[in-house]
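> For reference, the chains in residue letters:
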Amino acid sequence: MGRSAQAIVMNEKDNVATALKPFHAGTKVSVEVQGRIEKVTLMSDVPMGHKFALKDMEEGEAVIKYGESIGQSTARISRGDHVHVHNVVSQPRGGPQ
Amino acid sequence: MNFQGYRRPDGKTGTRNDVLVIPSVGCSQGVARDIAQGLKGVVYLPNILGCGQVGEDRMLVKKTLVGFGTHPNVFSVLIVGNGCEQLSPREIEEGIAPSGKRVEVIVTQDIGGSRKTVALGKRIVKEMREGAAKLNRESIPLNELILGTECGGSDYTSGLASNPAVGAACDMLVTEGGTVILSETPELIGAEHLLAKRARTPELANQVLDAVAWWEQKAMVAGENIRKANPAPGNIAGGITTLEEKSLGCIYKAGTSPLEEVIPYASHPTKKGLVYMDTPAHDIEQLTGMVAGGVQIVLFTTGRGTPLGSPIAPVIKITGNRNTYLKMKDNMDIDVSRILEGKEKVSSAGKRIFEEVISVASGKVTKAEKQAQRDFCIFKMNMNI
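Protein sequences, first through last, are from chains A and B. Just so we're aligned: the first sequence equals residues 225 to 321 in the numbering used here. Just so we're aligned: the second sequence equals residues 406 to 790 in the numbering used here.
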């Protein structure tokens, strides 16, 4: 992780990272993904504790944190986008009831 | 790998070696407290139940008190009864006897008042304590450890630092052949399908889903829709997007192992590896149920800070919140906040926690023990009558 890590990835399967401090759009954030440090350019402001995308996602894709689906994207999401309630919806019990 | 523990007559192993005074009914609590007072190595259970519980609740009270009496962290047991209670001290004695340890019963109405009972009780526990002092720790494989996991006073650091770090430690214990207990069913809601997916058999998966459905229904009757109330607005402002995410952050503290067994409140696991105990999320009722089920040591994560401790099992507090660690140093054991500064990996914090588990299991005193924090509360489903 090194002294410069600014975001955390909980599991190697994750497609989102969590910001460890607040960032403005355009910031290049370094994050360790599967053992390598990557630089992700943020497309929007991301508050501390909030998530941003590590990969481009289509609408309807599973958002993965802790190695598990935490919900489904409701719009296309680009690498570096803020990922939150505006573009993710809960999927109770893993799918529609 | 091994820890230094106490071997009991029934073959089980303890991390502590105390003499336990159990009031079989709330009326005997004061006498039990006075017997234990001032005697190092003697603890009592602040039990207020034993009269007025019927049906399943009566069974839960008895099962929990017997679970504490048979617990391998306990050397010998003195049961204090009043004399007219519904849950007789003899019933509890019979439950503890198969463990092979010394159990005595004294009854205040027979002896004639509190003062005489306290004097007799003190004589008995002092004698028991002499026996305890003669027993030495011995080297015991880690696969005999049953570790409880719990979280309370959570904040944004819990799901990002302390729970994942404790999860890493739990995975290490399971690799060593040990047992990890995950519990607090109401906190599972929203991620139950994900835990169910890790179950060894479809029957186990259904047991997880049934446990969640039971609590959801109970909460609904009480006027709370847990699924709709979470994540709370404060959670969302803090970055939690969905209920799945919130609940995953909680269950991640037990690691990523397959689920081997689902057990009811205060029951003993029969499998090793990750075991789920169906308990409330109420911190003290949950802790009491896990310890009654044989947990010899507990890892407790907190963000805001809590002093919680058990009368007979060491509880290790882990926080990812630096301010809490510094402000509540006499309650917090381990600081994992460097994870959130990007200066420590979850896996290395997990290793530190795992090493602390071995030290504490071998006798290192936790902050909750230093504070003599001895919380005890039995879960029951209905009112006292």
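Honestly, the hints are just simulated from the structure, not real lab data. Beta carbons: idealized from backbone N, C-alpha and C, even for Gly. Certain hints may be false.
Claimed, not checked - Keeping only pairs whose Cα atoms sit at most 27 Å apart, straight-line, the calculated DSSO-like set for lysine-lysine is:
{"#": "1", "chain 1": "B", "residue 1": "756", "chain 2": "B", "residue 2": "417"}
{"#": "2", "chain 1": "A", "residue 1": "237", "chain 2": "B", "residue 2": "602"}
{"#": "3", "chain 1": "B", "residue 1": "602", "chain 2": "B", "residue 2": "531"}
{"#": "4", "chain 1": "A", "residue 1": "237", "chain 2": "B", "residue 2": "521"}
{"#": "5", "chain 1": "B", "residue 1": "775", "chain 2": "B", "residue 2": "734"}
{"#": "6", "chain 1": "A", "residue 1": "245", "chain 2": "B", "residue 2": "756"}
{"#": "7", "chain 1": "B", "residue 1": "531", "chain 2": "A", "residue 2": "279"}
{"#": "8", "chain 1": "B", "residue 1": "734", "chain 2": "A", "residue 2": "245"}
{"#": "9", "chain 1": "A", "residue 1": "279", "chain 2": "B", "residue 2": "756"}
{"#": "10", "chain 1": "A", "residue 1": "263", "chain 2": "B", "residue 2": "734"}
{"#": "11", "chain 1": "B", "residue 1": "756", "chain 2": "A", "residue 2": "237"}
{"#": "12", "chain 1": "B", "residue 1": "769", "chain 2": "B", "residue 2": "785"}
{"#": "13", "chain 1": "B", "residue 1": "417", "chain 2": "A", "residue 2": "245"}
{"#": "14", "chain 1": "A", "residue 1": "279", "chain 2": "B", "residue 2": "750"}
{"#": "15", "chain 1": "A", "residue 1": "252", "chain 2": "B", "residue 2": "750"}
{"#": "16", "chain 1": "B", "residue 1": "748", "chain 2": "A", "residue 2": "237"}
{"#": "17", "chain 1": "B", "residue 1": "748", "chain 2": "A", "residue 2": "263"}
{"#": "18", "chain 1": "B", "residue 1": "521", "chain 2": "B", "residue 2": "417"}
{"#": "19", "chain 1": "A", "residue 1": "252", "chain 2": "B", "residue 2": "748"}
{"#": "20", "chain 1": "A", "residue 1": "245", "chain 2": "B", "residue 2": "732"}
{"#": "21", "chain 1": "A", "residue 1": "245", "chain 2": "B", "residue 2": "750"}
Unchecked claim - Examples of chain B residues lying across from chain A (beta carbon under 10 Å, computed):
{"#": "22", "residue": "413"}
{"#": "23", "residue": "416"}
{"#": "24", "residue": "642"}
{"#": "25", "residue": "653"}
{"#": "26", "residue": "750"}
> Each of the hints needs a verdict: does it hold here or not?
So, going through the hints one by one against the coordinates:
Proximity of residue 756 of chain B to residue 417 of chain B is assessed by CA-CA distance (about 26 Å); at most 27 Å being required, the pair is judged to hold. Restraint check for residue 237 of chain A and residue 602 of chain B: the C-alpha separation of about 16 Å stays at or below 27 Å, so the hint holds. Among the hinted pairs, residue 602 of chain B with residue 531 of chain B is inconsistent with the structure: their alpha-carbon atoms are about 51 Å apart, more than 27 Å. Between residue 237 of chain A and residue 521 of chain B the CA atoms are separated by roughly 66 Å; this puts the pair beyond 27 Å, and the hint is violated.
As the CA atoms of residue 775 of chain B and residue 734 of chain B are separated by approximately 12 Å, the hinted pair is consistent with the 27 Å bound. Simply put, residue 245 of chain A and residue 756 of chain B have alpha-carbon atoms about 25 Å apart, close enough for the 27 Å limit, and the pair holds. Only pairs whose Cα atoms come within 27 Å are accepted, and residue 531 of chain B paired with residue 279 of chain A is rejected, the gap being roughly 66 Å. Taking the CA atoms of residue 734 of chain B and residue 245 of chain A, the gap is near 25 Å; set against the 27 Å cutoff, the hint holds.
Between residue 279 of chain A and residue 756 of chain B the CA atoms are separated by roughly 30 Å; this puts the pair beyond 27 Å, and the hint is violated. Only pairs whose Cα atoms come within 27 Å are accepted, and residue 263 of chain A paired with residue 734 of chain B is rejected, the gap being roughly 37 Å. At roughly 22 Å between alpha-carbon atoms, residue 756 of chain B and residue 237 of chain A fall within 27 Å of each other, so this suggested pair holds. A threshold of 27 Å between alpha carbons decides the hint, and for residue 769 of chain B with residue 785 of chain B the separation of about 33 Å lies outside it, so the pair is violated.
Simply put, residue 417 of chain B and residue 245 of chain A have alpha-carbon atoms about 47 Å apart, too far for the 27 Å limit, and the pair is violated. Only pairs whose Cα atoms come within 27 Å are accepted, and residue 279 of chain A paired with residue 750 of chain B is accepted, the gap being roughly 22 Å. With a C-alpha separation of about 21 Å, the suggested pairing of residue 252 of chain A with residue 750 of chain B holds against the 27 Å cut-off. The straight-line distance between the Cα atoms of residue 748 of chain B and residue 237 of chain A is roughly 22 Å, inside the 27 Å bound, and the hint therefore holds.
The hinted pair formed by residue 748 of chain B and residue 263 of chain A meets the criterion: a straight-line CA distance of about 17 Å does not exceed 27 Å. Of the pairs offered as hints, the one joining residue 521 of chain B and residue 417 of chain B is violated, with about 35 Å between alpha carbons and a cut-off of 27 Å exceeded. Using a Cα cut-off of 27 Å, the hinted pair residue 252 of chain A and residue 748 of chain B holds, with the two alpha carbons roughly 19 Å apart. For the suggested pair residue 245 of chain A and residue 732 of chain B, the alpha carbons sit about 22 Å apart, so the restraint of at most 27 Å is met.
Proximity of residue 245 of chain A to residue 750 of chain B is assessed by CA-CA distance (about 17 Å); at most 27 Å being required, the pair is judged to hold. Restraint check, residue 413 of chain B versus chain A: the minimum CB separation of about 38 Å is more than 10 Å; hint violated. For residue 416 of chain B, the interface hint is violated, the least distance from its beta-carbon to any beta-carbon of chain A being 37 Å, above 10 Å. Below 10 Å, beta-carbon pairs count as interface contacts, and residue 642 of chain B has one with chain A at about 8 Å; its hint therefore holds.
Annotation: residue 653 of chain B was flagged as interfacial toward chain A, and the flag holds, the nearest CB pair being 4 Å apart, inside 10 Å. A least Cβ separation of about 5 Å between residue 750 of chain B and chain A falls short of the 10 Å threshold, and the interface hint therefore holds.
Violated hints for the displayed structure, listed by number in ascending order: 3, 4, 7, 9, 10, 12, 13, 18, 22 and 23.
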